[in-house]
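Colleague: From first to last, the protein sequence lines stand for chains A and B.
The first sequence: position 204 = 204 (this note's numbering), numbered continuously.
The second sequence: position 87 = 87 (this note's numbering), numbered continuously.
Be careful, since some hints might not be right.
[Claimed, not checked] Chain A side only, calculated, beta carbon under 8 Å to chain B, not exhaustive:
| no. | residue |
| --- | --- |
| 1 | 16 |
| 2 | 17 |
| 3 | 77 |
| 4 | 79 |
| 5 | 90 |
| 6 | 91 |
| 7 | 101 |
| 8 | 117 |
[Said to hold, decoys possible] The list that follows gives simulated cross-link-like pairs (lysine-lysine, DSSO-like), each with its CA atoms no further than 27 Å apart:
| no. | chain 1 | residue 1 | chain 2 | residue 2 |
| --- | --- | --- | --- | --- |
| 9 | A | 164 | A | 191 |
| 10 | A | 74 | B | 154 |
| 11 | B | 154 | A | 164 |
| 12 | A | 129 | A | 28 |
| 13 | A | 129 | B | 123 |
| 14 | B | 54 | A | 164 |
| 15 | B | 154 | A | 129 |
| 16 | A | 117 | B | 54 |
| 17 | A | 74 | A | 164 |
| 18 | B | 123 | B | 54 |
| 19 | B | 123 | A | 125 |
| 20 | B | 154 | A | 125 |
| 21 | A | 164 | A | 117 |
| 22 | A | 20 | A | 74 |
| 23 | A | 74 | A | 125 |
| 24 | B | 123 | A | 117 |
Derived by calculation from the structure, the hints in this document are not laboratory data.
Idealized CB from N, CA, C, for every residue including glycine.
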Amino acid sequence: MVALSVENISKRFGGLQALKEVSFQVEKAEIRAIIGPNGAGKTTLFNIINGFLKPDSGRVLFNGFNLVVLRPNKISQLGIARTFQIVKTFLGMTVLENILAGSGCEIYHQITSFFEKPYGSRYLKDALKIAESCELQEYLYSPAGTLPLGIQRKVEIARALATKPQLLLLDEPVSGLNDLETQEIVKLVKKINSQGVTVIFVEHDMHFTNEVAHRITVLDYGVKIAEGTPREVMSDPKVMEAYLGSEESA
Amino acid sequence: MSLDYLLTITVFMSVNVILATSLNVLIGFAGQVSLGHAAFFGIGAYTSAILTVKVGVDYWWALVLSIIIGGLIGSLLGLPSLRVREDFLVLATIGMNFVVVSIFNYVPFFGGPYGIISIPRPKFFGHTFGTRAYAMYALIWAVAVVLFVIFLSKRYVRMGFDALRENEDAAESIGVSSPRYKIYAFTIAGALAGLAGNLWAHYMTVIFPDNFSFPVSISIITMVVIGGLGTITGPIIGAVLVTILPELLRFIQDYRMFVYGMIIVFTMLFMPSGIMGFLRGVSNGSTFSRKYIQKIRRIAGS
């Protein structure tokens, strides 16, 4: 079953064609990596899927909704959560508050947001469960801004999970992390996926990508140049050319 | 010191507590810095004054309407916040303050520079409020406003405001519509400031455009900032200090504004997160989880 279908997405910033007729489909419960050299349009694609940017043409289908016409908050309510390349945790709020903030996803736009308590047992129980599965219990009461990057990335993932997503978008989840921290994210992403959540991530770290991704989509200068299992993609001459340059120009 | 003097200070203090608390919802919770809060204060005061003096509406209806109109105009004047952020929003709100005061000054309907006089004191079952009754009345409103904000603070709206203040993109990504929450904040702040305006106008019985000019906005934001942004007690302490300090300093006469100014400068230098922030030893962002740690442990254990 298809979880997300990106169809002929194009986006231009002034003279720069960031994405050109990009199409791909992600199966339910799949882990999909999107890779490509710097400036390939990966983050732009994420920003289009979660509604921060509107494409010039094309559409993105998720559970029968065309995401292109929806606001980001609406898209998150439909079940798409994301993290950011440069972490955007709520720095002044504690880790627990960060997670609880995510738990409110479905009620922020309703009048019940004036009555529901984040510290009610229902939300607290969920938040504590998520904190546990992300191994954040010992940081619950620390302001996110005081924590190292590796922990903050997990806080961001925990906050995203608190929105109860069906699809999780991770924008460079391991950039800037050491091997140990990277291994923790590997474990976490696999665990999340094993619970039935579809994951799409953008990454430069090829070890991480090969270890985690079921399939890989490769973008170069805004065009999809390859797609397949990690093994297929790594041996694709077009991918090598995009990353290393062609033999003629070398 | 006469009793009347103390009662008058009580009214001013109550009005300031309401103003500071309402501005705190906007700045401390939602992170929308406004330097034009006196405009909402003035809109409430003028609404109530015109309705009672020129239209002949009963005080209690004027009270309700000054809150509603304060909220409505708050949401309207909040619209620029959807387009401009941070320092640009600060400038836009300063501009709005000047525009509102100019309208009071130059549109004859609002009485011009001489303002509106003979604003009636409220009547309750035929009894007109004396100074003592009015002080109690204003104080009750101040308490009610603080309780209302405490109520909001423990609900998901507060989480939405916090998320918006901390990071707008991240807030959107967890379902918080930033336009909706900005308008919420401006509406609540406008409505409560409108209430403060009503209380002020009917106590003073005379209002002038200058009562609501830019320096008043500065003094309201001073209360919030020296008390501690984002806390509940901070703006109350700030409002009480800003009301009382100049009075306590009367004995040094000509130097009192100088000393008052210095106190504010030094508070900011040594307690940048305000008195409450300083006492807690935390930055303004941290909200209310510590009190709940016990409860959390209990739930985690079960």
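Colleague: Hint check: residue 164/A vs residue 117/A, CA-CA at most 27 Å. Holds or violated?
Modeller: Holds: residue 164/A and residue 117/A sit about 18 Å apart, inside 27 Å.
Colleague: Would the hint on residue 101/A be counted as holding, given a Cβ-Cβ threshold of 8 Å to chain B?
Modeller: Hint on residue 101/A: holds, closest Cβ of chain B at ~5 Å, below 8 Å.
Colleague: Any CB of chain B closer than 8 Å to the CB of residue 91/A?
Modeller: holds, 6 Å
Colleague: For the pair supplied as a hint, residue 123/B and residue 117/A, confirm whether the alpha-carbon distance does not exceed 27 Å.
Modeller: Status violated; Cα separation ~39 Å.
Colleague: How about residue 117/A: closest beta carbon in chain B under 8 Å, or not?
Modeller: This hint holds: residue 117/A lies near chain B, its Cβ roughly 6 Å from the closest one there, short of 8 Å.
Colleague: May I ask you to test the interface hint for residue 77/A with respect to chain B, counting a Cβ-Cβ separation under 8 Å as satisfied?
Modeller: Cβ of residue 77/A sits 5 Å from chain B, so the hint holds.
Colleague: Under 8 Å is the threshold here; is the Cβ of residue 79/A close enough to any Cβ of chain B for the hint to stand?
Modeller: This hint is violated: residue 79/A lies away from chain B, its Cβ roughly 11 Å from the closest one there, beyond 8 Å.
Colleague: Straight-line Cα separation of residue 123/B and residue 125/A no greater than 27 Å?
Modeller: Not satisfied, since the Cα-Cα distance of roughly 51 Å exceeds 27 Å.
Colleague: For the hint on residue 16/A, does the least C-beta distance to chain B fall short of 8 Å?
Modeller: Violated: closest Cβ of chain B sits about 22 Å from residue 16/A, beyond 8 Å.
Colleague: Is residue 154/B within 27 Å of residue 164/A, Cα to Cα?
Modeller: Measuring from Cα to Cα gives roughly 22 Å; hence the hint holds.
Colleague: Taken at face value, is the distance from the CA of residue 74/A to the CA of residue 20/A at most 27 Å?
Modeller: holds, 26 Å
Colleague: Residue 123/B and residue 54/B: Cα distance at most 27 Å?
Modeller: Holds, at roughly 17 Å.
Checked against the numbered hints given earlier, this structure breaks hints 1, 2, 4, 13, 14, 16, 19, 24; the rest are met.
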